[in-house]
Amino acid sequence: MSDRQQLRDYVFGELLPLSNANRPADDASLFDHGLDSLRLMQLLVFVEEKMRITLPDHEVTPERVETIDSIVGWIESHR
Amino acid sequence: MASLEKNPHASIFAPLIRAADAHGPRQAVEFADQTITYRELLDRSLRLAAALTEVGAAPGALVAFSFKKSIDAIVALFAIARTGATYVPLDPTWPNARLQAIRAAAPFEIWTGTVTPPPELGNVAAIFTTTASDEATRTFESIQKSHEPLAIDIVPPANDIANVLFTSGSTGTPKGVQITSRSLLHFANWGVRTFGLTPDDRLANHAPYNFDLSTFDIFAAVAAGACMCPIAEQLRMFPYRLAQDMAARGITTWYSVPSALALLVQRGKLTDHDLSKLRRVLFAGEVMPKPLLRDIAAALPEADLANLYGPTETNVCTWHRVSSQDIEDDGPLPIGFPIDSTRAWLIPDESSASPIADETDTGELLIAGPTVTTGYLNDTSLTNDKLIAAPDGDGCAYRTGDRCRRDEDGVLHFLGRIDRMIKARGHRIEPGEIEAALEACNDIKEVAVIAVADETFGNRIKACVSFDTNAAIDQNDRQTSLIQFARQRLPSYMVPDLWEIWEYLPRTERGKIDYRALSSGAPLSERRRS
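As you go down the protein sequences, you meet chains B and L in turn. Residue numbering for the first sequence follows the working numbering, starting at 89 and increasing by one per position. Residue numbering for the second sequence follows the working numbering, starting at 876 and increasing by one per position.
Where hints are given, some of them may not hold.
Within a straight-line C-alpha distance of at most 27 Å, the following computed DSSO-like cross-link-like pairs (lysine-lysine) qualify [stated by the list, open to error]: (1) Lys1337(L) <-> Lys138(B); (2) Lys1152(L) <-> Lys1165(L); (3) Lys1298(L) <-> Lys1387(L); (4) Lys1337(L) <-> Lys1387(L); (5) Lys1298(L) <-> Lys943(L); (6) Lys1144(L) <-> Lys138(B).
Hints in this document: simulated from the structure, not taken from any laboratory.
Okay, chain B solo, but in the shape it has when bound:
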């Protein structure tokens, strides 16, 4: 499974559950779909534990975590 697919499945299946018809595009802001501090930390733990990528804390910025596109780009920079 691609990083993108794995991430989408987790984000819209578990973290911010949305039915298929309501899932936003990969460039839509996750902040508008309920991403808050607790859920952001869960997302980071998922990426680190399930996708086995270490993301440095100082890189956790709004620009990097705002959309599926930006998170995928961030993850790829650490592959």
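The hints should help you fit chain L onto chain B, whose structure is shown.
Same frame as chain B, but now just chain L:
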């Protein structure tokens, strides 16, 4: 100024007059790249007060206060206080259904906020915002030009009610806790004395305005002539950036819920930042886990740590200064001793007679003193249930609903709730309010909400539901539909994190939902269907 000396607890506006007099050119608020001095804060709030007075802000009036963190929010707060009206903080992220329920309980006709009220709230007579402007709405900026400052004066609010804080209510409707000027000023002055705040201090303002924690940062800062630094909402999500920001602003005093400190310590990489100016770290709102306390003490060895305790109804009523012994041993952190002029009793859990004079070493905590609420807005029956005659005959005492123990040294320890209330991320949550919101969904047959312990966030919320056999809801998409349904009715911290779908919920012999069986879950798992 004579009225000020005669009755220092008459209005929360009084400390601003004093601060502008004694510390006029000093910074009162610093936010993003803007600052405002005490003299400017007084001037701007008096101009806005002039505009508010024109539309009826006066003792007895309620004014909605719906702000993102900003300097304008502080200007509006003191402007409302100058008119003698009562402010009602509303979180800008709350869903419309909750705002409607609050307006029904607190019928405000004046709105101040970052943006205009949602149309679903109906017609609001007067609207002041920091951003939007149309024919019906006036911006703060235009008022600074169009209005002269109102005279400096103290106008006490009706029945001393400075603000009304809405918290979760067990029957499904939020309840409005009336907070007095006396309570806010007593708490602020106690804080200044106890923690030795001076005009050189810089207080972070982390908690949202609808949260009683935020009143410390605001009013203790003004009482000390210190600077308050509101923290932008989005920064709260990014611990590394937040720590960077705290270092750059030279924050000396921090007060938040433990879960906010957990993010900061675990994800803020504090060794990258110079936080040597941070001398006081205060926390309240939920139980501080010992492992987290040790992490905080290790990351911030120079800072004094203190555990503050108190339901919204009592503001802060007891406190405990963290010792090196606390950090070493494994027992839970005490809630300590009552603050100045505050009395605490323990009463038998099952007793409901008032007054109750017999004291025991374990029981429900009863609190009397200057910070205790005078009751719930427009709800006499709930007020009479929670406020009883103080055992010493001096006024009313509040039944906290918290089971506590008093040890041989007289130190109080929190043991748990005597009812179902949940604390999560510092918010108090009545499972009944979530259940009532979900029961409005036609497809749901039964629903029960319970807490699940979480290492970082104290508690997470789990909803257990069963569906009608002929439920129209899409079989494959039930959880998603429920979350969307909940989001339209509840603030995000009350939307359950975990969902479990049951064929039917377990019941006790008497036919009541068996919450114990739901929490243990496992023995009934074969009945589950997901």
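Practice task
Quickly compare the C-alpha distance for Lys1152(L) and Lys1165(L) to 27 Å and report which way the hint goes.
Solution key: Holds, at about 24 Å.
Problem - Pair hint outcome, Lys1298(L) versus Lys943(L) [Cα-Cα no greater than 27 Å] - result: Roughly 23 Å separates the two Cα atoms, so the pair holds.
Exercise for the section: Assess, step by step, whether the Cα of Lys1298(L) is no farther than 27 Å from the Cα of Lys1387(L), and give holds or violated. Expected result: Measuring from Cα to Cα gives roughly 23 Å; hence the hint holds.
Exercise for the section: Take a quick look at whether Lys1337(L) and Lys1387(L) sit within 27 Å of each other, Cα to Cα. Expected result: Holds, at roughly 18 Å.
Problem - Restraint status (C-alpha distance of Lys1144(L) to Lys138(B) at most 27 Å) - result: 22 Å, holds
Handout entry: Hint consistency between Lys1337(L) and Lys138(B) [alpha-carbon to alpha-carbon, up to 27 Å]
Key = With a Cα-Cα distance of about 23 Å, the restraint between Lys1337(L) and Lys138(B) holds, given a limit of 27 Å.
When the structure is compared with the earlier hints, no violation turns up for any of them.
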